[in-house]
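Chemist: Chains A and B, in that order, give the protein sequences.
First residue of the first sequence? That's -8 in this note's numbering, and the numbers climb one at a time after it.
First residue of the second sequence? That's -8 in this note's numbering, and the numbers climb one at a time after it.
Treat the hints as calculated values from the structure; they're not laboratory data.
Be a bit skeptical, because a hint or two may be false.
Because identical chains share one entry, a pair is satisfied inside a single copy or across any pair of copies.
Straight-line distance between alpha carbons at most 30 Å, and here's what the computed DSSO-like set of lysine-lysine pairs gives [said to hold, decoys possible]:
1. K49 / K302
2. K168 / K1
3. K230 / K1
4. K1 / K148
5. K49 / K29
It should be emphasised that the depicted structure is a prediction, and the values quoted were computed from it without experimental measurement.
There are 2 protein chains.
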Amino acid sequence: MATINQNYLKLPGSYLFSEIARRVSAYAQANPDKKLIKLGIGDVTRPLAPAVTQAMHKAVDEMATGEGFHGYGPEQGYEFLRQAIAQHDYAARGVDIAPDEIFVSDGAKSDCGNIGDIFGVDNVVAVCDPVYPVYVDTNAMAGRAGDYDGESQHWSKLVYMPCTAENGFSPAIPQEKVDLIYLCFPNNPTGAVASREQLERWVAYANANDAVILYDSAYEAFITQPDIPHTIFEIPGAKTCAIEFRSFSKTAGFTGTRCAYTVVPKELVRGGASLNSLWNRRQCTKFNGVPYVVQRGAEAVYSPEGQAQVKETIAYYQRNAQVIREGLTRAGLTVSGGVNAAYIWVKTPEGMGSWEFFDLLLEQANVVTTPGAGFGPSGEGYIRVTAFGDQQATQEAVARIVSVLG
Amino acid sequence: MATINQNYLKLPGSYLFSEIARRVSAYAQANPDKKLIKLGIGDVTRPLAPAVTQAMHKAVDEMATGEGFHGYGPEQGYEFLRQAIAQHDYAARGVDIAPDEIFVSDGAKSDCGNIGDIFGVDNVVAVCDPVYPVYVDTNAMAGRAGDYDGESQHWSKLVYMPCTAENGFSPAIPQEKVDLIYLCFPNNPTGAVASREQLERWVAYANANDAVILYDSAYEAFITQPDIPHTIFEIPGAKTCAIEFRSFSKTAGFTGTRCAYTVVPKELVRGGASLNSLWNRRQCTKFNGVPYVVQRGAEAVYSPEGQAQVKETIAYYQRNAQVIREGLTRAGLTVSGGVNAAYIWVKTPEGMGSWEFFDLLLEQANVVTTPGAGFGPSGEGYIRVTAFGDQQATQEAVARIVSVLG
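Based on the sequences and whatever the hints tell you, model everything.
Modeler: This is the structure:
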């Protein structure tokens, strides 16, 4: 008799976005005349850069010819893209990462989810609270999370690191010993960043305890302050204790085009094994590379035109973030994030729960946000607002919120 | 201290294609004047169909505009593609598969590798010998394979089902009870197919034992004989015991474009859980969908022009297969496969090992093949020849082999 992975049965429903959709749909049906503005989901809205689409057209043309056709590519990504990444995302910041430490993939979500494959089930996993649910759910699937307690909304074996206003949404190093540490800066959902000193402490902890930091920097393109590290490998010693996840999704609008990469340094060794070799083996066995056309598109992000164009789009979203920050502050709300991030983390008015404030904004301002409680217990009392929307719609949404709360 | 997945350390090196590359490269360096013809690796060579590249161009143009831009798509694939698949690959053959039983993905290799996520580690796994290595290696990574014995080239806990000339390269149902059964028809590497009666026996076994058949039909487009099932779901009862993997790689030349799909029927329940729901949860958590541009390309495969064009390409490869079959038979070799498949499975001359014959063909005919022993012990005494090459080169390769052996 075939048995299933029992850990799947322990997973609570993926409640957050379906519950949002349910409430939005119920409200829209009851109020067909209202024009809703959605600042909830973290998806981009601006078109691909012309440099990217030109490169993709060219690659499609190649695929239509016998000479230009590309069949199976390297599972790890084409050398042209790995070279461009090593040069522009690392060497340009003074960080020495070799192309064969870079694994091109179809998404940071896939890689964050699949990276658990190469680790033992016995590792103690630390996650932030609030947290991007993929880190938690994939460890639950693997049996590293223990059992889920609906009341505390915590898994029995995970170590939660609260990110609160008190610690500036940058978690303290846990008291207990942990083995795998998921960090995401700029953070989803809070929009907080980690300073060089904070990352140095994490790297020191990980090296001292033979832990591994799983560093998600999918939002690094939104960093504006010059002293904030864009990659954990800017921190000396990180190559012996960290894996980094990066993505073209938010940098270049690739959420529907699918290209990302993961950096596993060759110096990173645990249990006598090179994690670079283990991840290479995992990818060669369970993955067959990213479409040639997409890799050519990603390469074009690094061309001078591509760089200028994606920076313009990032600036567009950053202006939205500023509009949101300033408007909601004017409305009397306490906001954080949004300076080095496209997420603004907004404290609910005194005594109001996440979902209650979500409903108020939906019903009175006709603006859709994301209740912070959906990202974990420490997200209670917050909502997440995203800057990825249309400029005019964002301004309109903020004006409505100001008028409702003002 | 972070621990690694110890099962990875048990994996023998992925020896086959690197060893082939090593021998080919050594020969080429020593004999720079010789023109090698490669009929080894199972990669296609013909360009994408014009209908496909037109659709991809159109989709790239959409992505360049605010109105046509597509961000995150459904993890399961766009409805337009799932509908087209349900209609053309199933309803057209009298098989009722709903779009929400179809999960579009980046590759059959990914899905065959990842499907193990939803199953318990305690399942007894049966694989064919010779076998596509991904089935074995991914189960070894998950801890289902036990330990590897270099001498027998077998894993201690896997059940091997020999595919030999005696059973027509269609394995017998194992004596011992097995839980997960990997079947691949048309087969890689032997090119054998399963008859309706044979598949009926597998389905009866699986239903009687609550086993699950993992059915890889990535090569179904090459079936020429009208009575051979293209999908396991042509067999009554298969929906309660089978998962099917399909791909655009060989059907439409998508090896470098990356699109495939997996069918998990809603009727398939094990341990009280719907495998469709489990796989949906897996994909939603660890995958973010296939690029919009690629899905539009895949959809175009089903247009009338797309169908005509991909059938022409398949016919091109089928003519190669016939040339290889007839030529090698003329050269006195015993061949099988190549009728409903692009792989031809060739018995080595009396008493000659796989690698020995590989070397002979490399050195005397300057033709690169794949030693059957690389796919498992029962592949010893065979080589695999692929029909995916250029027509002229294939004819030339066959002529050379005939002249060497003749």
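Chemist: All hints, please: hold or fail.
Modeler: To see whether the hints hold, each was checked on the structure:
1. In this homomeric assembly, K49 and K302 come within 30 Å of each other (Cα to Cα) both inside a single copy, at 23 Å, and across copies, at 25 Å.
2. In this assembly of identical chains, the alpha carbons of K168 and K1 lie at most 30 Å apart whether taken from the same copy (25 Å) or from different copies (28 Å).
3. For the homomeric pair K230 and K1, the shortest alpha-carbon distance between copies (26 Å) is at most 30 Å, but the shortest distance inside one copy (35 Å) is not.
4. Taking identical chains as interchangeable, the C-alpha atoms of K1 and K148 lie at most 30 Å apart whether they share a chain (13 Å) or sit on different chains (28 Å).
5. For the identical chains of this complex, K49 and K29 are inter-copy neighbours only, at 28 Å across copies versus 35 Å inside a copy, given an alpha-carbon limit of 30 Å.
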